[in-house]
Amino acid sequence: MSDNRIILENVSKFYGEVLGVNRVNLSIPPGVTGLVGPNGSGKTTLMNLMTGLIHPTEGHVSVLGISPTRPEELFRRVGYCAQFDSFPKGVTGFSFIYNTLRLHGLDDRESVRLAHEALERVGMTEPALRKVAGYSKGMRQRIRLAQAIAHHPTVLVLDEPLNGLDPMARAESLELFQALGKEGLHVIISSHILHELDKMSDQVILMSSGYVVAEGQIHAVRTEVKEHPMQILIRCSDPNLLASRVFAQDHVVEAKLNDDGKGVLVRTRDADAFYLLLNQLVVKDKLSLETVAPADDDVNSVYQYLIGSENKTI
Amino acid sequence: MTRLAQLRTTLSEQPWELWMRQIAAVLRMDLRKNFLSRRGIWIYLLAFAPVVIITLHAIIDRHSGSMREDTEVLAGIFQFFYLRLGIFFGCLGIFTWLFRGEIIEKSLHYYFLAPVKREVLLLGKFAGGVVTSVTLFGLGVFTSFAMMYLRFGDAGQYYVFNGPGMGQLSAYLGVTVLACIGYGSVFLALSLLFKNPIIPAILVLGWETFTPVLPSLVQRFSITYYLKQLCPVSIPGEGLLALFTVVSQPVGTVAAILGPIVLAAFVLVLAFKLVRRLEISYVAD
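So the sequences go chain by chain: R and V. Numbered by our numbering, the letters in the first sequence go through residues 1302 to 1615 in order. Numbered by our numbering, the letters in the second sequence go through residues 523 to 807 in order.
Derived by calculation from the structure, the hints in this document are not laboratory data. Honestly, I wouldn't trust all of these hints.
[Said to hold, decoys possible] Derived CB-CB ranges, DEER-like:
1) V:E627 with R:N1305: 35 to 41 angstroms
2) V:L567 with R:H1496: 55 to 61 angstroms
3) V:L526 with R:L1430: 48 to 54 angstroms
4) R:R1414 with V:A787: 34 to 40 angstroms
5) R:G1424 with V:L540: 30 to 36 angstroms
Using N, Cα and C, we set each Cβ at its ideal position, and we do this for glycine too.
Generate coordinates for the entire structure from the input sequences, incorporating the hints supplied.
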């Protein structure tokens, strides 16, 4: 089981007296995992701990059963696109990736092949022979991504990989991450663009001030946030009738008609009870449903409920 | 199974071929940086400054001076300049920059994110430093030697090829290699231990200078203690100068060759521990 997961057991990291992360317990399955939190919440620290760039003050980290203290094994299976926007002096896009592959111990031919393959995958074939120093921020971001995926890792750790990318490149990168997640890879991705994370993440980890505030599939996390009633939008044939019926229930705190008069936004403390009630009303009152959709069952809402009030910037 | 047999089995199971390929990859990347970096110009100056002086001396004093005198002058240049200053500070510049430079340029994490044992990475970088320093200072010493005897024409040629000249040149080059290995290992370890290794390096310089006044057992932890004995031409030292030239209790030639190598190996083992603990925290650095 642990051989297929990224596990952090009671992990703490202090930089002198400054807290990086504190008592983190995680067991991350394959798929796309979004790491969400404001600046300074510990996202990068967590990623650096997973990849052995820093060592935990306390606790243990294991990536697919490998300790990050064994880079010679770890980085055969892990690729990390770190946030540092710096490169060795004088390298071209191609030589940057090629040199890393040679460090893996690969021969010249294989390194050239894999470097070209990675460059093609991130759409950087054309400028590959130009010096990285002359690249735009988005190009540098993509060349770092190419370096992280060049050796076909099974775990991909990406720290703010969408920073600096234009909308086109961003959409392509998101598609790539989703495809990698579907291939069974672990893709750990931090981003402050919550709606994009929402679209591609199978699960999320919410962090604040060095602590993991919540983790899991976004729907499950949302369900756990009891203090904020769940918002559900229903579009049906008779929204007035529906509003009057549901408002009589104890768990429903608000039933608001949409401006267009065709839908009701219900806020309920018990979503399961509400869905049960809705089924009964559909049968009893012969309501015709068009859509039933949670209105705040996304990363952005969960983030706002759990963290947003403490930290405005992310 | 005896311990020796266990060790033999463990060693034979290690991926030596992979490690060699990885060391070669690090070496290839680092050599380009070491030789072509603009910040290394002063090391070139250190290595070749005596060549300029000897060349000027050969031009200006071409009709005066004896070969015996110049042999002693060359020995002085080697022992006082190259050994005490040139190679020492050159190695300081080259070896402390191997990791510290990557930290300052925020590129060390690329090495750490490759499947390379930290010890292998350190050996690769150390090898890069040794090749660089030996090439620069070896060339400097060789050219100084050539320029010194070139002005004597046939007599100089005879001294080099039929007299003790070639043996002296080999000894100078051998001592240069040992000095680069010895000093290099120390400065590499210091760069992993201190953010600014200049002050510890000055302490090392003090140690290397004043150990001759300490008990002989303590002297064996100094690199110059061994190197002085391997220098082919002794310089008559009096007063304070004797501190730099006289060896109070010399060891045999083999021990003098092995001494700096063993010291370097010991320091590199300590450096292995330091590099394993090294974290990427560019902000703090």
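Here is how each hint holds up against the structure:
{"no.": "1", "hint": "V:E627 with R:N1305: 35 to 41 angstroms", "result": "holds, 37 angstroms"}
{"no.": "2", "hint": "V:L567 with R:H1496: 55 to 61 angstroms", "result": "holds, 58 angstroms"}
{"no.": "3", "hint": "V:L526 with R:L1430: 48 to 54 angstroms", "result": "holds, 53 angstroms"}
{"no.": "4", "hint": "R:R1414 with V:A787: 34 to 40 angstroms", "result": "holds, 39 angstroms"}
{"no.": "5", "hint": "R:G1424 with V:L540: 30 to 36 angstroms", "result": "holds, 32 angstroms"}
Violated hints: none; the structure is consistent with every hint.
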